[in-house]
Each structure stands twice: as C-alpha cells, then as structure tokens.
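Participant: Note that the protein sequences, when read in sequence, are chains A and B. Heads up, the first sequence is in my numbering, so the first residue is -5 and it goes up one at a time. Heads up, the second sequence is in my numbering, so the first residue is 84 and it goes up one at a time.
No lab work stands behind these hints: they were computed from the structure. Be a bit skeptical, because a hint or two may be false.
Only part of the chain B face toward chain A is listed, based on derived beta-carbon distances under 7 Å [said to hold, decoys possible]:
(1) Phe89
(2) Lys97
(3) Val99
(4) Val100
(5) Val123
(6) Gln205
(7) Glu232
Quick list of in silico lysine-lysine cross-link-like pairs, DSSO-like style, CA-CA up to 30 Å [said to hold, decoys possible]:
(8) A:Lys41 to B:Lys96
(9) B:Lys96 to A:Lys115
(10) B:Lys97 to A:Lys115
(11) A:Lys120 to B:Lys97
(12) B:Lys194 to B:Lys152
Among the chain B residues that face chain A by a calculated CB cut under 7 Å, a handful are [to be verified]:
(13) Val98
(14) Lys152
(15) Asp201
(16) Ser242
Note that the structure is predicted; figures quoted are calculated from it, not measured. Where is the CB? At the ideal position from N, CA and C, for every residue including glycine.
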Amino acid sequence: MSPAQRAYEEDVARAVFQRGLALGKWRVVTEHWPNPLIAIAASEREKAPAEYVFRFDLEGYPERAPTSQIWDPDREAPLDPGCRPWGSPNVQIAFRANWQPALYIPCDRVALESHGGWETKPGAWKPGHDITHYLNFVHDLLNSPGYTGTASASPQA
Amino acid sequence: MTRKLFLQGPGLKKVVVIEVEDAAHVADVISRAREVGADVDVDAIAMLEDTDDPLDHGASLDAAGLREKAGVHVGRCRKVSVVVRYGRDTKEEDFSPAQRLRLAFKWAVGKRGFDISDGDAQDLVLVIQGQQQSLDLDDQIGLHIAGRECKVRLELIPSDRIQG
Chain A
-5 MSPAQRAYEE
5 DVARAVFQRG
15 LALGKWRVVT
25 EHWPNPLIAI
35 AASEREKAPA
45 EYVFRFDLEG
55 YPERAPTSQI
65 WDPDREAPLD
75 PGCRPWGSPN
85 VQIAFRANWQ
95 PALYIPCDRV
105 ALESHGGWET
115 KPGAWKPGHD
125 ITHYLNFVHD
135 LLNSPGYTGT
145 ASASPQA
Chain B
84 MTRKLFLQGP
94 GLKKVVVIEV
104 EDAAHVADVI
114 SRAREVGADV
124 DVDAIAMLED
134 TDDPLDHGAS
144 LDAAGLREKA
154 GVHVGRCRKV
164 SVVVRYGRDT
174 KEEDFSPAQR
184 LRLAFKWAVG
194 KRGFDISDGD
204 AQDLVLVIQG
214 QQQSLDLDDQ
224 IGLHIAGREC
234 KVRLELIPSD
244 RIQG
C-alpha cells in the first residue's frame, strides 16, 4: 500500500469523515484506489438529483491536493453538461464543463496548479487538510441558496 | 455489543468517535468522554445533538435516544451565550450547546439577528472572533466553548476574507 493510500484510508476512518457519512453529507460509491467514487448530497431542487458523484484522483495525497471530475457512474464518463449543477456564478464555475477534467475550485489540485496565486484563495488546499476539506467545500456549494438544480432544468442556463 | 457515538464538547478540538456498551447508561458516556479528553467533571451534562434538554445520567442509551452513530454533547453548560459580531454590530442569543452552528448562523442572518438578505448571507461565513478559519456549520455550538464561561464569540465575515 502506498503512503498516499494509507493516508487516505486513515483519514476516512477518522471521526470527521465518518460523521459526514452519518449525517448523509457524502457516501463512498466505490473504493477503487486511487480513483474512489464519492457521492456528495445536494439540496432538494426540482428535477435535480439528491446527490452528485465525483471520481477522485488521489495520487500524492495529502501532500498534493485531491482532484475530481463530476461523474456519471452508469456511463463511466464525465457527467453531461446539462446534468451538472447550476446556479450562482460560484456554482456554475465550480462545475464548468468547458475546462479541464477537474473542478474549478481552489482545493482541487488541477485548478490550484493551473492558477498562480490560488493558494491564497478562500478554501485553498493547505498542509494539514484532508479529504473532508474538499468534500465539505463541494457540499457547501451544493447546499447553498445559490444552487438551483441542474443546468438543463434551469431556465437561465 | 457496542455502539459508536459522535462526541463533541469542550476540550475536544473536533468530533470524536467513542464506543460504549449497548447496555451502558448516560453516566458511562460522560466517563468515556472524560477518558478521551473532554474537559468536564463527572457531574457534566450530556445532551443528544440538536436538542435542548440534558439527559438523565441514569437513563439507558436507548431511553436517551443515543442510538448507533448518534451525535452527543458532553459539557458543563445548559445554555451557551452566542455572541456574533458583524461589522460594528454585535448580537447575542442563548442556545443549547448541543445545537449545531447551522442554527446559530440561521439566527444571525435572520430577522432576529442582522436581517441579512439570502443573497448576501450566502457570501458570509462564521469564524471564531479574531480567527480566519471558517467553521463547519455541523459542529455543535458547545464544541467551541473556550475557558469556563458558557459563551462562544463568533463573527460573520465575507468568505473572501478567509485564508483557507
């Protein structure tokens, strides 16, 4: 087992991750290392799913930040743009499809490494963070008043 | 057989999982909390998460509602005075320490608090006064009691001031 996998397994065994499971904030769909699928709950919106699935890449964890793609587990492919979360500018840009296969958020490895200076942005990945930092960041977006549902169900999309 | 409980309280930096016998009583939960670092005495108060009333020390776990993976608070205070600063204004309200910060946030941005619009409220986060790390709104209020005073001092700040 690699140090990254060991660190991840220790972190998911910790109380903070386990409490997120118990509260229904997230659930592990598959544990396939280094690409676990984790579903994150979203607030109820018309014609929108109760959760979205994310395919993580945890190489180098936790020294390197996680990265993830919003995922369609049935097709084993990135989620179609019309099925992605929509809403306020913060929500739209986080789950944008017209970018790299990653989330556009400051705790995502690809986003961080693509943008000089993002290490000082709100919510950026820092030493000492664990996977729950990333999961909470996305959970907050999907449960904010700014989240309106899926792009295809949002009239302004 | 045993069951796991998610424990929070003064002296603990974050949520802790404790394991107690199914046949245990509330007093045993308090003893276990002391063993894992909660800063409380044997006569401490135990409360089921999201509730307002202390549990009877002699109650069984089942009678107390402490089922598998329930949240529990162990502390010294029946009520906590939550002081929230927003800009130059300050408001104060009493909460059960077993309630989550989500309730205090809702009060702070609501009509009885600072009456902040939904649009503006979504850009605000709660921090401990003088700190920059945003708090997890699923933390129990009582987790953030510092010292002997039954008080938590918080601040609403724009999320773009957070250092991450």
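Participant: Please go over all the hints and tell whether each is borne out by the structure.
Facilitator: Evaluated hints:
1. Phe89: With a closest approach of 5 Å, the Phe89 (chain B) hint holds.
2. Lys97: Holds: closest Cβ of chain A sits about 6 Å from Lys97 (chain B), inside 7 Å.
3. Val99: holds, 5 Å
4. Val100: holds, 4 Å
5. Val123: violated, 18 Å
6. Gln205: Holds, about 5 Å.
7. Glu232: violated, 26 Å
8. A:Lys41 to B:Lys96: violated, 40 Å
9. B:Lys96 to A:Lys115: holds, 25 Å
10. B:Lys97 to A:Lys115: Roughly 24 Å separates the two Cα atoms, so the pair holds.
11. A:Lys120 to B:Lys97: Satisfied, since the Cα-Cα distance of roughly 18 Å is no more than 30 Å.
12. B:Lys194 to B:Lys152: This hinted pair is violated, its Cα atoms lying about 34 Å apart.
13. Val98: holds, 5 Å
14. Lys152: At 4 Å from the nearest chain A Cβ, Lys152 (chain B) passes the 7 Å test, so the hint holds.
15. Asp201: Check passed: Cβ of Asp201 (chain B) comes within 5 Å of chain A, closer than 7 Å.
16. Ser242: holds, 5 Å
Hint compliance for this structure: hints 5, 7, 8 and 12 are broken, all remaining hints hold.
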